[in-house]
Every structure is written in C-alpha cells, then in structure tokens.
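2 protein chains.
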Amino acid sequence: MDHLRPVELRHACRLINHGPTVLVTSAHGGRRNVMAAAWSMPVEFTPPRVAVVIDKKTFTRELVAAAGAFALCVPGAAVVGLTYAVGSESGRDVDKFARHGIDARPGPVLGMPIIGSGCVAWLECRLIPERHTEDAYDTCFAEVVAAAADERIFSNGHWSLRDDNVDLHTLHHLGGGNFARADAVQRPRPAR
Amino acid sequence: MDHLRPVELRHACRLINHGPTVLVTSAHGGRRNVMAAAWSMPVEFTPPRVAVVIDKKTFTRELVAAAGAFALCVPGAAVVGLTYAVGSESGRDVDKFARHGIDARPGPVLGMPIIGSGCVAWLECRLIPERHTEDAYDTCFAEVVAAAADERIFSNGHWSLRDDNVDLHTLHHLGGGNFARADAVQRPRPAR
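Protein chains in written order, with my numbering: chain S, 7 to 198; chain P, 7 to 198.
Hints were generated in silico from the structure; no laboratory data involved.
Treat the hints with care, as some may be off.
The list makes no distinction among identical chains, and a pair is therefore deemed to hold if it is satisfied within one copy or across any two copies.
Dumping the calculated SDA-like pairs for lysine to any residue here, alpha-carbon to alpha-carbon at most 20 Å [claimed, not checked]: (1) K102 / Y90; (2) K63 / T52; (3) K102 / P194; (4) K62 / G87; (5) K63 / F51; (6) K62 / E50; (7) K63 / R137; (8) K63 / P53; (9) K62 / L133; (10) K63 / P135; (11) K63 / E50; (12) K102 / S123.
Chain S on its own, in the form it takes in the complex:
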C-alpha cells in the first residue's frame, strides 16, 4: 500500500466515474467479506455519493446492513484473476481474505477492510439507508467519507493511464468472467 495517497473528497467520485469493476468489502461482529461488483456508479460529486448493486442473497449485503458501511476497492489489471475469483464464490463459509492471501487493513473512518493487494484506489462509504431501493433493486446508496488512490496512476484528481503503468489500469467486467482494461484515448481537438 506504499503508493496509496489520500484523495480529496471532492475528487473521490472520479475514482469510479469510468465504470470500473470494484471489490466491495465489509465487516461486522468479527466477520468480514469481499465480493466483486460490476454495478456501481457515482450519483453526486459533492457531497460524494455512490450507488452499488449488492444482491440481497449475498453475505456482503448482510454485513453491509449490519455495519451500515462498506468500502469499494478498485483492482488494477494485474489482479484480474483475483477479481474474478472473489466474484465467483461466497464468503459465508470461508474467509476469502485468508484463502486468497489478500492483504487488508481497517479503513480510517469506518474500519471497513481496505485491500492492498493489487488495488489502485479505495472509497470508504457510509450506507444511506434506503429501504425501498435496497429491496426493489438491490441498490445501496452511500456517502463516501474517505478515499485514496495510487499516486502512480491517479494524482491531483486525475487518472493517468499510460503505457508504463498498464498493470494498474482499471478493470471493467464485460460479463461471463471476461474483462476489459481502461486505456487512454485521445480526444480530437474541435475544428475551429
């Protein structure tokens, strides 16, 4: 986690603005879990708020409801195998952190598990209880209370996707266990 630096809250939503797959972590009563989620998005920049779909059948959802909190950790391309693995199994009967050798420490504000192993950013989030959307759409709203990113790929509020940091580029789940990686694209200057 040597390269992780705090991100100002006004820039926190940029960490997931472009639709990366995230690892949702939570912890409560001595138990913890991590799952992959392709379905998350910011809903407001200031205050920074996000929405994430967490199936009501998952162990993570149980922990999130109990803790009133979760973290979104953003995996880099180097850990595509791990990302797939933690999205393919339940943590109800096994500690996925231990099984996969995932390095984690408690987040600074809410104590949610912050993943070091291969993650390039994280957002610690306080659940905003919305019973109806949680029930009807498995959609959980939350406010971001702390965030950080790897300075080698995100600094001064901006992503910098380069050829020399390709292992840190974000992952985007195409479905069926297939992933894309975000690479920079140039926008042509408008004609004058």
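Position chain P against the provided structure of chain S, taking the given hints into account.
Chain P only, in chain S's frame:
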C-alpha cells in the same frame, strides 16, 4: 446503422455492464435531446433494468419525465469528440442532433431517438417512476424493452474487443473531458 442487430433482452444489460459512457436520448411533444452520461449501471439482468443519473436541471430530465422513456446509446471510440460535445452543452435552446449532424431514428417500442452515428449499441428504456430516488439522487430506474448492438463487436451476448475493431470499443469518462477506451485483457487461468 447497417451493422446493428437485435440483442436478446436477457443479454441487454451486458451492453453497459462494464461502465461505458452512454448518450441518453429522449423525445416528447415534437422536441428531442441527447446528453452524455457517465453514471449508469444495470441493476438487474432479468427483467433487464438499469439506473442512470440525469440531473434534474437538464432538458433531458424534463423530456424523460414527460415521455416516461429514454434510450441509452453506447458511443464507440471513433466518436469521442461528439460524445464530449453533447455532454458539454444544453439542448434546451438548440437541437443537438441537427447541430452535430447526428443520425437518429425512432426506437421500435417507445419511439426514443436511436443514434446511428458512431454508436455501437442501444437500449430503449421505459422509466420506472421512483419519485424519491429521482428527487434525492437524480437516479432514474428503468426497464429495458428493446436493445441492439453492432455485430462487429457484440454477438451472441458477448463483447469482442479486438485490435481490428478498436474504433468501436466503448468509451469511459475519466472526468474533466478525458476518456478511456475499453481494451481486452486476458484473465490468467487459475493454478491447478
């Protein structure tokens, strides 16, 4: 639009599963609009449902509320300039389709504008009225009622991001007018 082929509804959410920036279109009472939106996600595969953040101050939101419908059109990398342009201006006083020479036709079920120009997929969506989340989070839920994708990059329910179709790869807004492109990444086989 020669290459667009219908997508089965059970696969429709895969079109935005990986977090691409979309063009939200709507039309009502002889007026129409298009805006770029980075913040959208699926919330359910079957029935296919999505959520998209549409600021309540926008003209698009007004049209969506009146029509009870919208379309999400997924731009390819070749039209990054257009995607930026329609995300940077209001359509309240100008028809952005005419201004930018955007080719559009009415969608098959709800008549929402389906963009041809450079778009590689579209989802026609019926708004599910959710007053509270629309008010509190600008988050609009909707059910997908028809979808299509460019057969050169999406077929049999799967994206195929290759070197020979790079202009069709999806765009992902990093913030501040900077975009990433989705490129394929290989997932290592698990050790036996």
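(message) Treating 20 Å as the Cα threshold, decide for K63 and P135: within, between, both or neither.
(response) within (18 Å within a copy, 25 Å between copies)
(message) Reference check for the pair K62 and L133, CA-CA at most 20 Å: within, between, both, or neither?
(response) Answer is within; shortest intra-copy Cα gap is 15 Å, inter-copy 23 Å.
(request) At 20 Å max between alpha carbons, let me know whether K63 reaches P53 within a copy, between copies, both or neither. (result) between (30 Å within a copy, 18 Å between copies)
(request) Measure nothing new, just compare the shortest in-copy and cross-copy C-alpha distances for K102 and P194 to 20 Å and report within, between, both or neither. (result) Between copies only: 19 Å across chains, 44 Å inside a chain, cut-off 20 Å.
(request) Indicate which option fits the pair K63, R137 if close means a Cα-Cα distance not exceeding 20 Å: within, between, both or neither. (result) within (15 Å within a copy, 26 Å between copies)
(request) Go through the copies and call it for K63 and E50: within, between, both or neither, with a Cα cutoff of 20 Å. (result) between (27 Å within a copy, 14 Å between copies)
(request) Could you place K62 and G87 in one of the four classes (within, between, both, neither) given a Cα distance threshold of 20 Å? (result) Classified as neither; 25 Å inside a copy, 40 Å across copies.
(message) For K63 and T52, with the copy left unspecified, which applies at a CA distance of at most 20 Å: within, between, both, or neither?
(response) between (31 Å within a copy, 16 Å between copies)
(request) Have a look at K102 and S123 and pick one of within, between, both or neither, based on CA distance no larger than 20 Å. (result) within (13 Å within a copy, 45 Å between copies)
(message) If the cut is 20 Å between Cα atoms, do K63 and F51 qualify within a copy, between copies, both or neither?
(response) This pair counts as between: shortest inter-copy Cα distance 15 Å, intra-copy 30 Å.
(request) Go through the copies and call it for K102 and Y90: within, between, both or neither, with a Cα cutoff of 20 Å. (result) For K102 and Y90, the Cα distance is within 20 Å only inside one copy (12 Å; across copies 41 Å).
(message) My question is about K62 and E50: at a cut-off of 20 Å on alpha-carbon distance, are they close within one copy, between copies, both, or neither?
(response) Result: close only across copies, 12 Å inter versus 24 Å intra.
Against the hints set out earlier in the document, a violation occurs for number 4 only.
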